[in-house]
Amino acid sequence: MQDNKNIKISFTVNNEIFDNVMVSSRQHLGDYLRSLGLTGTHLGCEQGACGACTVEVDGKAVRSCLILSSQVNGSVIRTIEGLDDPLMEKVKETFLKHNALQCGFCSPGMLITTKEILNQKKHFNREEIRSEISGNYCRCTGYQSIVDAIEESITTNMKEINNG
Amino acid sequence: MKSPDFGYYEASSIEDAIKFKSADDESVFLAGGQSLIPALNMRLSTPSCLIDISKINELKNISIDDHFISIGASVTHSEVLQNKIILEYLPTLTNVLKMVAHPAIRNKGTHGGSIAYGDPAAELPAFAVALNAEITLVGLKGTRTVSANDFYYGLFETEIKDDEILTNIKYPLLKSNQKIIFDEIYRRHGDYAMAGLIANIEILHSKIDNLKLVFFATGIKPEVAIKTSNFIIKDGYNYSKIKDILKTELDLDADLNSSSEMKLHLATILTKRILKLLEI
Chain F
10 MQDNKNIKIS
20 FTVNNEIFDN
30 VMVSSRQHLG
40 DYLRSLGLTG
50 THLGCEQGAC
60 GACTVEVDGK
70 AVRSCLILSS
80 QVNGSVIRTI
90 EGLDDPLMEK
100 VKETFLKHNA
110 LQCGFCSPGM
120 LITTKEILNQ
130 KKHFNREEIR
140 SEISGNYCRC
150 TGYQSIVDAI
160 EESITTNMKE
170 INNG
Chain U
309 MKSPDFGYYE
319 ASSIEDAIKF
329 KSADDESVFL
339 AGGQSLIPAL
349 NMRLSTPSCL
359 IDISKINELK
369 NISIDDHFIS
379 IGASVTHSEV
389 LQNKIILEYL
399 PTLTNVLKMV
409 AHPAIRNKGT
419 HGGSIAYGDP
429 AAELPAFAVA
439 LNAEITLVGL
449 KGTRTVSAND
459 FYYGLFETEI
469 KDDEILTNIK
479 YPLLKSNQKI
489 IFDEIYRRHG
499 DYAMAGLIAN
509 IEILHSKIDN
519 LKLVFFATGI
529 KPEVAIKTSN
539 FIIKDGYNYS
549 KIKDILKTEL
559 DLDADLNSSS
569 EMKLHLATIL
579 TKRILKLLEI
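First to last, the protein sequences are chains F and U. The first sequence begins at 10 in our numbering and counts up one residue at a time. The second sequence begins at 309 in our numbering and counts up one residue at a time.
Think of the hints as simulated: they come from the structure by calculation, not from any bench. Nothing here was measured: the structure is a model prediction, and the numbers come from that model. Among the hints, a few may not be true.
[As the list claims (entries may be wrong)] Cβ pair distances, simulated, as ranges:
hint	chain 1	residue 1	chain 2	residue 2	range
1	U	464	F	82	42 to 52 Å
2	U	334	F	82	22 to 32 Å
3	F	98	U	331	46 to 56 Å
[Said to hold, decoys possible] These stretches of chain F come out as covered by chain U in the derived footprint (C-beta under 8 Å, 3 or more residues):
hint	segment
4	13-25
5	71-85
6	134-143
7	147-160
Think of the CB as a built atom: it goes at the ideal place given N, C-alpha and C, for glycine as much as any other residue.
From just these sequences and the hints, can you work out the full model?
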């Protein structure tokens, strides 16, 4: 039964439609996505600092620990499991090429943030890339290799856009 | 890091939100939630219900008339950053917002939410005070406008009554001789400032004619340094003199990042930096 602690919502995750499912009002989206088996979304700090849980909601990167599942009624969500288009497959390869991950905990959030950078379809210098990923903590790489991978991904993507 | 138990209600209009709020005084409004939800996850707050106001269309506009730029309460920081009116008429606000957290937080965090929450270390409350913004509050008894100068009482305490909702913030259009300059000192990109300053400056014949200095992260609310402003207009900048005056008009509460003495030094240095950025 729906009351103000059990909310009925509909939404799409990675092209799969969820219709009239019941969610708990206090549960954040990250926990809910993980309960659906989408454990690629990593929960680090659960207070918005680390960025590991970043997912895409209606085309924008957001912290899944700072959104309630009840807030995504009608939304289109994409998680790391859904980043399987040719562009993001290429980005993942570029991350591997540059060793832009070590333990992999930050990578799902880092890749969602990279997708948002690429969506802007413009050049970023290294300082600007660092500013864009400033909300995503990585405790392994020291960021250098991540910036390398994102820089190359932007260059490749811009070339493809300019070549039509 | 799991929030306590609370209800959720999606408000369909401003009236609906006020009606629900006035019937349950333990409930709170949820706009972007980028400060509220961390506070809930850390169990610093235990409301009975969150009233989601983020889907009310009336709160999502940015507009301009002959006197004001008006920003709706649930416009996100990212939307303000991309807005043409803001870029043309209030460009300093974009410099300020780039210092507010990180892109993913700015995609969700709202202008009105930040103003209403009133974090003393946040940029926007100080920005609203510096610009003499007018804040619109709608309640059961109707609509009223409060100057940002009278809006903040104490730590997270504002003029908003239990049955009221903040609907928009109106910034007076800048005069041609008016400049808004902003600077802050921080440890980590996107983190709260150790100290910050927003200056509202009017220039006449290449001299400062009017000056309003508003500091943040130095006390329990945005702090207006009137004596310091008067000294600068008369005598200009002098480190030890400005430091002495600031000491008398700022709270300078120590926090995890810095002692009172350090905050005083940073506030003094920020004053110097602002005057340098002014370039007159």
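Inset, instruction - Run the structure past the numbered hints and jot down the numbers of the failing ones, going up. - result: Violated: hints 1, 7.
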